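Colleague: First to last, the sequence lines map onto chains A and B.
Numbered by my numbering, the letters in the first sequence go through residues 174 to 351 in order.
Numbered by my numbering, the letters in the second sequence go through residues 153 to 520 in order.
Just so you know, these hints were derived from the structure itself, not from any lab.
Remember, predicted model here, so these are calculated numbers, not experimental data.
Check before you lean on any hint, since a few could be wrong.
To be verified - PhoX-like mimics (lysine-lysine), calculated; alpha carbons at most 20 Å apart, straight line:
no.	chain 1	residue 1	chain 2	residue 2
1	A	LYS230	B	LYS214
2	A	LYS202	B	LYS214
3	B	LYS319	A	LYS230
Unchecked claim - Stretch by stretch, here's where chain B covers chain A in the computed footprint (C-beta under 8 Å, at least three residues):
no.	region
4	198-207
5	250-262
Stated by the list, open to error - Here are some chain B residues pointing at chain A (derived, C-beta under 8 Å):
no.	residue
6	PHE163
7	PRO209
8	LYS460
9	PRO486
Every residue gets a Cβ at the ideal spot worked out from N, C-alpha and C, and that includes glycine.
Each chain, letter by letter, is given below.
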Amino acid sequence: MQDEESLVLRAKERDEAALTQLYEENFDKIYRYIVLKIGDRTEAEDMTQQVFLKAFKSISGYRSKGSPFSSWLFRIAHNQVVDHWRKKSKRATVPLEETLVGSSNSNPGSDVERKMDIENLVAATKRLTGLQQEVVSLRFAGGLSVAQVARLMGKSEGAIKALQHSAIVSLRKMLATG
Amino acid sequence: MENNREFANIFDECLERILTGGETVEECLTSYPEHASELEPLLQTVLNAKQVLDITPRLEFKERARYQILAELRDIEERKQRRFSLFGWQPRWATAAIAILVLLVASSSTVTAAGNSMPDQLLYPVKLATEETRLALTPSALGKVEYYAELVDRRVNEIVSMANKGKLEQVEKTTRRMNNQLMAMEILVGIEEIAPEVLTIPPAVPEAAPAPDELVEEAPAVLVAPEESKPELMAPPPPEAAAQLPPPARAGEPQKGKPEITAPARPVPEKAPALAPAPAAIPALVDEVEEDREKAEEEDEELSKRAKLRGILTRNAVKHPEALQAALQEAPEPIRQALRNALETSNIEYEKLLQLLEAMEDEAEDED
């Protein structure tokens, strides 16, 4: 945490090496979180870029309050996703299966398998409650610990564990039945 | 219920052991044989989901996005610096004109009386209108920021006064005004992105005038410019003088366009006569020395203004929350939330402003 604090301090001074390190350490996690939330890999890339642009532009106002820098990024990403759905409701959507093509995996057979898996997972996650979705996205796509998720969502660790359990039970049922 | 909670804890413990501790599902199940049949499919579901989510953005996109983000941040920094460098330039003619106008305006007894009015009084709109007028007449960004700081100070006093009287609506309205004024300060100081033209002030001399760039920037209004300088501003320099002397400031000559009200005559003539008879190359050297001195003076002035602004904001950043906190202690319950909002706004906005000013000062020092 101490290392991250000094890194953030340098980033606040627009130290490009520090900004790059924060970017590299967090980009993929934020990207995965957004993919699971919106199911569109290409759009998730653009949105992740926007998250980092917003974060770095206003980094001078960032205060850690004991949470990792990534918590702040996830909060911005969450807002970005909310905005996305607000705008999306006003325009046509791209079919999920089209947007999921383009994985870095070069094996075509495996590509189809993975595409279907992601599609199923995104579809199943969308049928969870809002809180369950958030816990699953932050825990398994974002890689946050239960404590970090609890802090970010303003709930107790016990509540997060209960949400995590109920979410996985529901996901399992949905994925099993298709 | 209790069983569910216990199982949720066991499930999470197993997840942690597998995801971060490197254990296998089987190893974890042996720790909880009584729950194994229930745990196993759930853990497998998570592992499958994690596997599916093991995706990454395209490498080329990630690289390009990083480049674009850093480029945009650099661009913003450059714009901020350009904007802040303008703070040092405040046309003195404008200050003088404003001083006259303010004196005229202030002479009105109504306006004077309104100056001390509170949001629940009849003359309060006059007070707000006077503030707006003065803001509109303040041409420089730094001047505006300083005045906004004064206005926020007034708003805090008004919030406290209205809270003491138990007037919730007035507390809320005044808090919104205070918030707007703090945000306006932020925008002017540069925490938000604004178009650079916001700070652009049109030159006060005709474009055709053969005045050097420096004089165009500092050209005073005709009303307050020294009489003798006016023809020189409009008339082209003699060809031989133009050939020998670069335009900005000729040694021994009156400073063209420098308003006498705010810029007293500089000690140039004392140096210049000794250098005047020197060969043609010397006046150019004098010009350089003079330019350097002027530049140094301008930089000192800018630093002094920034330091003054920082001092004001630092004091207010302590004084205002204290005043609001004190009012909060005494306030009746219906007012308390509104005061908390005011307190939060004040804390957040001052922190942002001071951070930005500090960053800019550090950058200025680094450049030195």
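Colleague: None of the hints should be skipped; say for each whether it holds.
Modeller: Status of each hint after checking the structure:
no.: 1; hint: A:LYS230 x B:LYS214; result: holds, 18 Å
no.: 2; hint: A:LYS202 x B:LYS214; result: holds, 13 Å
no.: 3; hint: B:LYS319 x A:LYS230; result: violated, 39 Å
no.: 4; hint: 198-207; result: holds (count 4)
no.: 5; hint: 250-262; result: violated (count 0)
no.: 6; hint: PHE163; result: holds, 5 Å
no.: 7; hint: PRO209; result: holds, 5 Å
no.: 8; hint: LYS460; result: violated, 22 Å
no.: 9; hint: PRO486; result: violated, 26 Å
When the structure is compared with the earlier hints, violations turn up for hints 3, 5, 8 and 9 and for no others.
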